[in-house]
Amino acid sequence: MMVDNKLRDFDHLGDHMERYSVKFVGKGSEFAILIVKNLLLTILTLGIYHFWGKVEVRKFLWQHTVFHGHRFAYTGNGLELFLARLKLIGFLILVIAMLGGLGYASSLIGGAASIVFGVITAVVYLLFYFVLLPFAMVSSYRFRMSRTTWCGIQLGVLDCTKEYIKTFAIGGILTLLTIGIYSPILMADLHRILANNTRAGTLKFRFNGDGKDLLKTFIICFLLVIPTLGISMFWWSAKYHTYILSKTFMGNEANGFAQGDIQLTGGEIFVQFLVSFVIIMLTLGFAFPWILVMNLEWIFAKVSFNGKVNFDAIKQDKQGMVSTLGDGLGDALDLGLA
Amino acid sequence: MNQNQRIFEGKLTDGTIGRVDSVKVWIEDRKVVIQTVDSVESRTLTWSIDETIRNVQSHSVVIYKRDNEDVQLWVDGQGFSKVLFEATGSDIRAWFHGFSPTAKLGLALFSVIFVVVGLWFSADFAARELTRFVPLSWDEKLGESTSKVFAQDTCDEEIRQEFNDKVTSILLLPQERHLVKSIKVLDRPEVNAFAFPGGVIGLTKGFLHQVESPEELLGVLAHEVAHVKHRDSMTTLVRSTMFAVVWSLLIGDISGFALVDPSLIYTLATSQYNRKQESAADREGIKMLYRAGVPLQGLNVFFEKISKKDKMNLSSKLEIFSTHPSDQRRIAAVNELIANLPDAAQSYDEVKLGLTKADLANLKSLCYSSKAEILSASEEREGEATEVLDPSLVVFVSLNANPIPKDALDDDAIRDKEFYESEARRVASLNGLKVIYIKTRNADFRTKNGESFKFENKADWEGEFYMFDGEKSPQLIEEIALFPDGKEYSDYFGKEIKN
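Line by line, the protein sequences give chains A and B.
Residue numbers for the first sequence follow the numbering used here, beginning at 1 and rising by one.
Residue numbers for the second sequence follow the numbering used here, beginning at 339 and rising by one.
None of these hints come from the bench; they were simulated from the model.
Idealized CB from N, CA, C, for every residue including glycine.
Be aware that one or more of the hints could be misleading.
In silico DSS-like pairs for lysine-lysine, Cα to Cα no more than 27 Å straight-line [claimed, not checked]: (1) B/Lys479 to A/Lys318; (2) A/Lys27 to B/Lys349; (3) B/Lys479 to B/Lys690; (4) B/Lys362 to A/Lys23; (5) B/Lys420 to A/Lys23.
Here are the in silico distance ranges between beta carbons for each label pair [to be verified]: (6) A/Leu79 to B/Ala425: 35 to 45 Å; (7) A/Val124 to B/Arg357: 46 to 56 Å; (8) A/Val124 to B/Lys362: 29 to 39 Å; (9) B/Leu517 to A/Ile93: 35 to 45 Å; (10) B/Phe463 to A/Val275: 18 to 28 Å.
Sample of chain A residues lacking proximity to chain B, with all beta carbon distances greater than 12 Å (derived) [as the list claims (entries may be wrong)]: (11) Glu30; (12) Ile153; (13) Leu224; (14) Lys239.
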């Protein structure tokens, strides 16, 4: 509600609107060198360096991303990722050992015990997909935000894990039951949870959208998937991201607000994808660093926040954004490129 | 500030608000000195390099203190990173950062190529050296595991130990004889010999059928014993595991370490002895034969013999342990070795060596235990109109009496023929029959004059018959048995054939 009131004020501030742009200034050659270095050191250290290498990749990506003239910084280190991975392995060994022990016991007992074991295994798999996976997603996001600073202000995410898991689980089941039709609503809901709980000091974010607004577009694109050989999904991607960003705001009462914006069409995404794909294929994957950088430059150039925010006055505020062990565990599942 | 020092433009955040101040920065005596430039009062901060964390990207450096990551200094421009590395004593990094991006990339690519090529060529050496650290007991356990897989194919065991002792006493020094645990005969038609880890050597029935003299047998056994001595199976496993682990590391998945489990048969099945190992086994084998006083040509005689015959497909399970099919290069290499040993034994001395032709015949008969039964039963039969064939000679050629011309095949005919082929091999194997020819689907039968021929009765089999499949020169069929449709096997063998 607060943001909506301020939105009305924006109408009067039309002449004083500023455009806060995002850009990526890294070079493909630098990224390629980093990847090669990571590969060599990972081999030489029998995999141990992988975690430090991952941190180097994040530092590269973060530090070459510029918002409103200032770069982001990644302040994490490889040791915490390594320790998190060890804990995750320990956890998985425990689960596997438990399942193994139960399986062995059920085979000895026989009869109904096997059925019970089957049920337990099924429950474990369901827990993995509907609880552990969303937990990993949100905790990974929290972890990375907690290691991100901009102009010395630490980003972070308030604890929204339970809400995220609940939404994911229910939404996931509904998506299955509706053969995917529910997915835009689920995606928007999950984005809302993360956006509404993300902070950069006293700077808040807010998502005002509703996934139902996207249903019609999604259904049309979905129905056109086969006739268009999948090309309609590029159009869907453009519509989705345009909507999501246009309904995302940053700011606070004291320092003003800005609204997200992205100028993107399905055709552009399709062309970019096609060019990337062809180059990657022709170079047998060696062009990957350049392609990634090219795509980051391209997409960030289209993103902006428009409004009036006094960034100089944003205050440091880390309350409620302390990262926990669980966050590290989520990151240890190695979801995503960086 | 030293007048010769380079001063850089930077930005400083104070960690409490989002404001960014412009500053001047320089390095002095392992300290980062920061001077604010745009406030009413100028202030200077000094950070010891040792108490900072420095994130350096080639054109951007961010520095913050270990105990307070919110106060950050940003300096853009390549020159500062070089100065920073020089101050920290990281001369290598300073040197590296002085290069242009293109030069760095070239260096990086060169490193990758160097490492990949180095790994490729040093893999054998590394695998051999690493194998030294693998306990010998692991080879034995591995051998036990793999032997169990082939247990059902193993022929009778009673003769093997005595034979094993004779072979090891010929080929190995007393302190080495424990390396060979046993010699098994596998009831398999392909022509091959295997050296399982832990000292178990496998000889197939197909192989034994081709061997005609003890020196040929000892030649091949010497080669296999050499594989055991060199621990080639374990080295191959270590090498393949090394590649698997490196690949896992490259794709960022450290679960590749799970592959370092010696009992995983599938890992073994994906590798083979390489040419170096084969050559080394040839050399060692020749050395053993020379020392024992066995004529050296046995190995090559055998290689040349089987290289002329059709190669049969190996079971993928046995691929790793198998001796590579012989080729002319290998034969030439062995001949060269032999040429350097002019005082080698020229004839086989059964008395001195202890392994006789009778031993060889006994070994060959291990998987032919039904032969004696068949022959004795056939002699008791009376009133049989059908001639009884010596089962040790007969061979199944085709169940379909009518030769099928190349261009007349259809799917059903092919399926039938493939079924009959496999059925024939099975029956022949079960009854100790030698299979000398497996008819391919494109083959047809012709006399040496080129006439096609139908085999409906045994009596039709007169004269010489050739087989060819359109790709090779016609081959003389020396022995033949017929199973025309509708006839019983026992009509030809005088006894009910195991089926």
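Taking the hints in turn, this is what the structure says about them:
A hinted pair counts as satisfied when its Cα atoms are at most 27 Å apart, and B/Lys479 with A/Lys318 does not qualify at roughly 58 Å. With a C-alpha separation of about 22 Å, the suggested pair A/Lys27 and B/Lys349 falls inside the 27 Å cut-off, and the hint holds. About 35 Å separates the Cα atoms of B/Lys479 and B/Lys690, which puts this hinted pair outside 27 Å; it is violated. For the given pair, B/Lys362 sits about 26 Å from A/Lys23 by alpha-carbon distance, which is consistent with the 27 Å threshold.
Proposed proximity of B/Lys420 and A/Lys23 is supported: the alpha carbons are some 26 Å apart, at most 27 Å. The given range of 35 to 45 Å is broken by A/Leu79 and B/Ala425, whose C-beta atoms sit roughly 24 Å from each other. Restraint check, A/Val124 to B/Arg357: a C-beta distance of roughly 51 Å satisfies the suggested window 46 to 56 Å. For the hinted restraint 29 to 39 Å between A/Val124 and B/Lys362, the CB-CB distance of approximately 60 Å leaves it violated.
For the pair B/Leu517 and A/Ile93, the supplied restraint of 35 to 45 Å holds, since their beta-carbon distance comes to about 38 Å. Taking 18 to 28 Å as the suggested C-beta distance range, the pair B/Phe463 and A/Val275 does not conform, at roughly 44 Å. A beta-carbon of chain B comes within 12 Å of the beta-carbon of A/Glu30; the shortest separation is about 6 Å. Distance check for A/Ile153 against chain B: the nearest CB is about 5 Å away, which does not clear 12 Å, and the non-interface claim fails.
No Cβ of chain B comes within 12 Å of the Cβ of A/Leu224; the nearest lies about 35 Å off, and the non-interface call holds. With a least CB separation of 33 Å from chain B, A/Lys239 remains clear of the 12 Å interface cut-off, as annotated.
Hint compliance for this structure: hints 1, 3, 6, 8, 10, 11 and 12 are broken, all remaining hints hold.
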